[in-house]
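Participant: Residue-level listing of the chains:
Protein chains: 2
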Amino acid sequence: MAGGIAAAAFRRMPAQNDLRVNGDRINAHLTALSEFGKNPQGGVSRVAYSDFDKSARVKVMEWMRAAKLDPKIDFAGNIMAVRPGTGAGLKPILFGSHIDSVPEGGNYDGDVGSLSAIEVAQTFAEHNVTTRHPLEIVIWQNEEGGLFGSRAVSGQLTAAELKTVSNSGKTVEQGITFIGGDPTKLDQVKRKKGDIAGYFELHIEQGGTLDTAKTDIGIVEGIVGIKQWEVTVTGFQNHAGTTAMDIRHDALLSAARFIEMVNRVVRSVSGRQVGTVGKIQAFPGAPNVIPGKVVCTLELRDLDDKKIDTLYASIVKEANAIGAQNQTQFAYSELHVNVAAPSDPKMRTIIADAAKGLSLSSRVMPSGAGHDAQAMATLGPMGMIFIPSVGGISHSPKEFSRPADIVNGANVLLRAVLAADKALA
Amino acid sequence: MAGGIAAAAFRRMPAQNDLRVNGDRINAHLTALSEFGKNPQGGVSRVAYSDFDKSARVKVMEWMRAAKLDPKIDFAGNIMAVRPGTGAGLKPILFGSHIDSVPEGGNYDGDVGSLSAIEVAQTFAEHNVTTRHPLEIVIWQNEEGGLFGSRAVSGQLTAAELKTVSNSGKTVEQGITFIGGDPTKLDQVKRKKGDIAGYFELHIEQGGTLDTAKTDIGIVEGIVGIKQWEVTVTGFQNHAGTTAMDIRHDALLSAARFIEMVNRVVRSVSGRQVGTVGKIQAFPGAPNVIPGKVVCTLELRDLDDKKIDTLYASIVKEANAIGAQNQTQFAYSELHVNVAAPSDPKMRTIIADAAKGLSLSSRVMPSGAGHDAQAMATLGPMGMIFIPSVGGISHSPKEFSRPADIVNGANVLLRAVLAADKALA
Chain A
1 MAGGIAAAAF RRMPAQNDLR VNGDRINAHL TALSEFGKNP QGGVSRVAYS DFDKSARVKV
61 MEWMRAAKLD PKIDFAGNIM AVRPGTGAGL KPILFGSHID SVPEGGNYDG DVGSLSAIEV
121 AQTFAEHNVT TRHPLEIVIW QNEEGGLFGS RAVSGQLTAA ELKTVSNSGK TVEQGITFIG
181 GDPTKLDQVK RKKGDIAGYF ELHIEQGGTL DTAKTDIGIV EGIVGIKQWE VTVTGFQNHA
241 GTTAMDIRHD ALLSAARFIE MVNRVVRSVS GRQVGTVGKI QAFPGAPNVI PGKVVCTLEL
301 RDLDDKKIDT LYASIVKEAN AIGAQNQTQF AYSELHVNVA APSDPKMRTI IADAAKGLSL
361 SSRVMPSGAG HDAQAMATLG PMGMIFIPSV GGISHSPKEF SRPADIVNGA NVLLRAVLAA
421 DKALA
Chain B
1 MAGGIAAAAF RRMPAQNDLR VNGDRINAHL TALSEFGKNP QGGVSRVAYS DFDKSARVKV
61 MEWMRAAKLD PKIDFAGNIM AVRPGTGAGL KPILFGSHID SVPEGGNYDG DVGSLSAIEV
121 AQTFAEHNVT TRHPLEIVIW QNEEGGLFGS RAVSGQLTAA ELKTVSNSGK TVEQGITFIG
181 GDPTKLDQVK RKKGDIAGYF ELHIEQGGTL DTAKTDIGIV EGIVGIKQWE VTVTGFQNHA
241 GTTAMDIRHD ALLSAARFIE MVNRVVRSVS GRQVGTVGKI QAFPGAPNVI PGKVVCTLEL
301 RDLDDKKIDT LYASIVKEAN AIGAQNQTQF AYSELHVNVA APSDPKMRTI IADAAKGLSL
361 SSRVMPSGAG HDAQAMATLG PMGMIFIPSV GGISHSPKEF SRPADIVNGA NVLLRAVLAA
421 DKALA
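Protein sequences appear in the order of chains A and B. The first sequence lines up with residues 1 to 425 when you count with the numbering used here. The second sequence lines up with residues 1 to 425 when you count with the numbering used here.
Since the hints were derived computationally from the structure, they do not count as laboratory data. Each hint should be verified, as a subset may be incorrect.
All copies of an identical chain are treated as equivalent in the list; a pair is satisfied when it fits inside any one copy or across any two copies.
[To be verified] Pairs of lysine-lysine, BS3-like flavour, derived with a Cα cap of 30 Å:
| id | residue 1 | residue 2 |
| --- | --- | --- |
| 1 | LYS293 | LYS398 |
| 2 | LYS38 | LYS293 |
| 3 | LYS72 | LYS398 |
| 4 | LYS346 | LYS422 |
| 5 | LYS227 | LYS190 |
Here the structure is a predicted model, which is why all the values come from computation and not from measurement.
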């Protein structure tokens, strides 16, 4: 009997370093979640505010309840569940991700971090782990559309943005109501700096760095800043048959030189910065007319917002020289700005130690993609954990992360939460 | 009384080299025609088969009757009027142009040649000029849509093309019926090589060569051949934030290098050849996605079809090297081919002599644009007369040719017809 009691006690309260998530359960949940909005060719189209999104959220709340959590939908439509802590007056440690997808997306972006967060809570429940800090497991709504749920909480969401039409066809405002929020009460979900003790998010890398280097865990040093511009090139529209080559003011020729130059300028300095021209239209857009106007986009990303500005200045300067070659003009209008969000050095150390304790290799790296973590970084110390994306493919039905890597990531998250619970104020 | 008779005789039959068109009347007709389909910002949108086109054709036939012509609409919808000749069994000399316009076109493209042809006939009528050859004054239908009227007569129009939807919204078939033709009887308008003694067309240059060089008259050495391709560049679509610059297969970067290369290759050899990329689309076409596919057009024009083929071969070869740089692929599908149509050396000499006799400067030059004359060149000797386009602007409300240049062109046409009547079999 005594032995029996000792065994039960051991099961209830193992040494925290021996705690492991139930890997089979996470992967089974991932498979089950992939049924909601499944594409014929694989992956999912579970865009925010769709019926698939709504029904998947019901399923996720079911799993949360099985993890002894009591999920609630906040006014912004986020699913939040608090696991109480023992320390008086301590702010919560948040962790989670999102389950909405892009159109024709994959089964890992957001899902891995969301289901791992629930799994960590369930592991704690099964082993009667209590923490000093309250823990908040969160499933953010409409990450893919522009971090709407997390930015409502960080107070960055503007009233005007509620009118944005999402991929579901509903406006964000309609969508929030549809999933059980109340867009008229967003003020009540806002938190301010210091309202959270910390935030962790586990996510797939979405790039090929970890996969190529065969590294298990990425420790995100920060989420890159993003600036986007609409670039208009103005030339002179004319007849493609009768206008000699040397008197043309071909806006598309200048745009072509611009695209090549952007690639060269961005690659001319060392670092992980990226620059992309993703969209282009020539006017009038006929095979037999020299384009008089071209509109294209320019996007620059880097961890250092100043580097983005420096690259942009070089691009503008070189574009002027390109325009002068054939008397075309370049004009820029800013489309979108996301300032860079560095992670917290303490949180990076916690994640590095967690990986090391599990004998996993790790490397510090930027996140080239945006994440809800960047909104949370404005409220408190933020840490992000990456696992490999096979072939670096994401936002595609071909997106894939290996089950073993997912379990590794969830175990790093579990350890990091426990370590942060000790380390954070 | 004898003096009176002599004066009347002189009025009836002046020396042909003293004959001049009524310049004020041509320009007044041009102004009157510009009311049909006038744009708010100037110029006209008198697309073929529109109500404006139909009512302008009624007006033009009125002017033909004033010129003692008896206009008829053939089964293809062309307006034709025969002025009988004195020679037995001689084939007709044709001259004319078109009065349909591109959307938001100008008041000179086609109109100048059409109204000058009528004016030449009216001048002959007023001066009782008779010719050996029958003269046929012709207003071709739907030139801008693809030389439909003239190609029906040359036998090049295919049944499938009748289903083409024109800028009016009507199919060519419906359009021909709308303007008084009969698309079921097109076989009856076909002529064969040798059925015409010759063809002249006066037209605005639509380029800036004559205007820049301050030359009065262009003697067209031929209408350029045109080849158009749709070019598909295939890369790999990926996340613009997470995909490092050195592992991208950016289809738009390759397309940009292609556009720059096309310009370089076309300009690398001497001559008047032109090459244009006028249309482009990147897929999926978002600022934050590396394009996985780009579709653009390529158009090459030259008087020498072999030169077009040589340039194309160089372009394909260089594109392969561009694709190899970042593992993207180029594929081509032919959109459109127009073989080059040389003018007849005799007709060029006739036009040159006509210009010289009027003390006008002239130069031999290619026509970079397509014209009904290229269909007629397959039936008999073809000659084309160009007058300057101010600033080289065409297919635009800003298209302009000076009244004096128009009168010069009409007088060259008049002399050329009379000279051809003597010279041609």
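Participant: A separate judgement is required for each hint: does it hold in the structure or not?
Facilitator: Going down the list of hints, with the structure as the test:
no., hint, verdict
1, LYS293 <-> LYS398, "between (36 Å within a copy, 17 Å between copies)"
2, LYS38 <-> LYS293, "between (41 Å within a copy, 25 Å between copies)"
3, LYS72 <-> LYS398, "neither (33 Å within a copy, 65 Å between copies)"
4, LYS346 <-> LYS422, "within (12 Å within a copy, 99 Å between copies)"
5, LYS227 <-> LYS190, "within (25 Å within a copy, 62 Å between copies)"
The structure fails to meet hint 3 from the earlier list, while all remaining hints are met.
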